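Peer 1: Sequence:
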Amino acid sequence: MAVVVAGCSGSGGGDQAPTTTAGTPADAEKIPTGITGPDGSRLFTGAGNPWTTPIPDSTAPVAGSDRYVQKLLTERPLVSVNGWTIPVYDADASTPTYTVTASEDHAGHGGWVMPGVPIPANAKPDPQEDGHMVVVDRQASCVYEMWQARKEGSGWGASWINATPADGDGIYPDGISARASGLSAGAGLIWPQELAAGEINHALVFAYPYTRSGGPAAPATSSDGTTGGSDALPEGARLRLDPSIDVDSLGLPPAQTVIAKALQKYGMILADTAGGFTLYAASPQSFVSFPYPQSWSHDIWKDVSDIPFDKLQVVDDGPQVDKHDGPPITNRCNQAVQQPPLQDGGGGDGGDDD
Numbered sequence: 156m157a158v159v160v161a162g163c164s165g166s167g168g169g170d171q172a173p174t175t176t177a178g179t180p181a182d183a184e185k186i187p188t189g190i191t192g193p194d195g196s197r198l199f200t201g202a203g204n205p206w207t208t209p210i211p212d213s214t215a216p217v218a219g220s221d222r223y224v225q226k227l228l229t230e231r232p233l234v235s236v237n238g239w240t241i242p243v244y245d246a247d248a249s250t251p252t253y254t255v256t257a258s259e260d261h262a263g264h265g266g267w268v269m270p271g272v273p274i275p276a277n278a279k280p281d282p283q284e285d286g287h288m289v290v291v292d293r294q295a296s297c298v299y300e301m302w303q304a305r306k307e308g309s310g311w312g313a314s315w316i317n318a319t320p321a322d323g324d325g326i327y328p329d330g331i332s333a334r335a336s337g338l339s340a341g342a343g344l345i346w347p348q349e350l351a352a353g354e355i356n357h358a359l360v361f362a363y364p365y366t367r368s369g370g371p372a373a374p375a376t377s378s379d380g381t382t383g384g385s386d387a388l389p390e391g392a393r394l395r396l397d398p399s400i401d402v403d404s405l406g407l408p409p410a411q412t413v414i415a416k417a418l419q420k421y422g423m424i425l426a427d428t429a430g431g432f433t434l435y436a437a438s439p440q441s442f443v444s445f446p447y448p449q450s451w452s453h454d455i456w457k458d459v460s461d462i463p464f465d466k467l468q469v470v471d472d473g474p475q476v477d478k479h480d481g482p483p484i485t486n487r488c489n490q491a492v493q494q495p496p497l498q499d500g501g502g503g504d505g506g507d508d509d
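Quick note: the sequence shown uses the working numbering, first residue 156, plus one each step.
Hints are computed from structural coordinates only; laboratory data are not their basis. Predicted model, so just to flag it, every value in this text is computed and none were measured. Don't take each hint at face value.
As the list claims (entries may be wrong) - Using 27 angstroms as the maximum straight-line C-alpha spacing, the simulated BS3-like pairs for lysine-lysine come out as follows:
#: 1; residue 1: Lys226; residue 2: Lys466
#: 2; residue 1: Lys420; residue 2: Lys466
#: 3; residue 1: Lys478; residue 2: Lys306
#: 4; residue 1: Lys416; residue 2: Lys279
Build out the structure end to end from the sequences listed, making use of the hints.
Peer 2: In structure tokens, the structure reads:
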């Protein structure tokens, strides 16, 4: 993940605009209100979920925490906003449904075909290579998630698709979510409604390049980690910002203040491998108008290095476990059927008959 940060300057008369500590005009950091679009901030609050329980202040960092953090900070901290993130759409009883065939066999036991997938007419996958897309069926309380989703004629296809209960824990016990870790792609996002309210009430997810080989650590159930060494974090590791920091005294831009407090209270969970160190905001393409501060609109990623990430603490790093090795574990939402191994190029077959 390459990031280019450009700046410009000018001269002339007139009053200078108020600025933040980072030198950005204060108006550009203002958090919008009156947001129109999906709100997934209350997804996955079921019993035993890893998202909504605060980390006790007394929790001690694990052995080697400083080493882990030092490695993490070789990358600039970012939020994926305008690409490489997760568009989320709401569905209801009027939403058309499709049968979607996965063109890759991540289940490991033959083809994977999911009928009855609701996809709104305005839905679009993320424009980058991963092509993630999430649909929340509010009536059925199901979260559908796709990797490399694509419109195919009158239907939809995806390299992978799965679904899990919205009122569950957001974890696929067999590891076959649209994320490498087995955590739902709809979990751990930064939502604009939360920024506007001044509070995030759940853990966030992040990705970075140095995910450890050897399997996931709970709550992750799978891993694409390939990095060796004692400073590589396993997928599922949890970090938090030092709770002794007075975040309000730091003079951060408003959105970064909200994020920093969430990192203190709930932490962040390693959910994937990426080309850089990034948190994830719900994609603005899911909303009627741009729902984040205007300073977030200029690039794919928003730099959030004003947050003192050097004060992170690793509070859980394992043990690592083996990935599920058996048939897919179904739930009330996926109801996928197994088919013979797919030929190359499988995809959606159009709308379902109601």
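Peer 1: Evaluate each hint against the coordinates.
Peer 2: Here is how each hint holds up against the structure:
Pair hint Lys226 plus Lys466 holds up; C-alpha atoms about 13 angstroms apart against a cutoff of 27 angstroms. For a cut-off of 27 angstroms, the pair hint linking Lys420 to Lys466 stands: about 14 angstroms separates their Cα positions. Between Lys478 and Lys306, the direct Cα distance comes to roughly 31 angstroms. Violation of the 27 angstroms bound is thereby established for this hinted pair. A distance of roughly 32 angstroms separates the Cα atoms of Lys416 and Lys279; the hinted pair therefore is violated under the 27 angstroms criterion.
In this structure, the earlier hints numbered 3 and 4 are contradicted, and the remaining ones agree with it.
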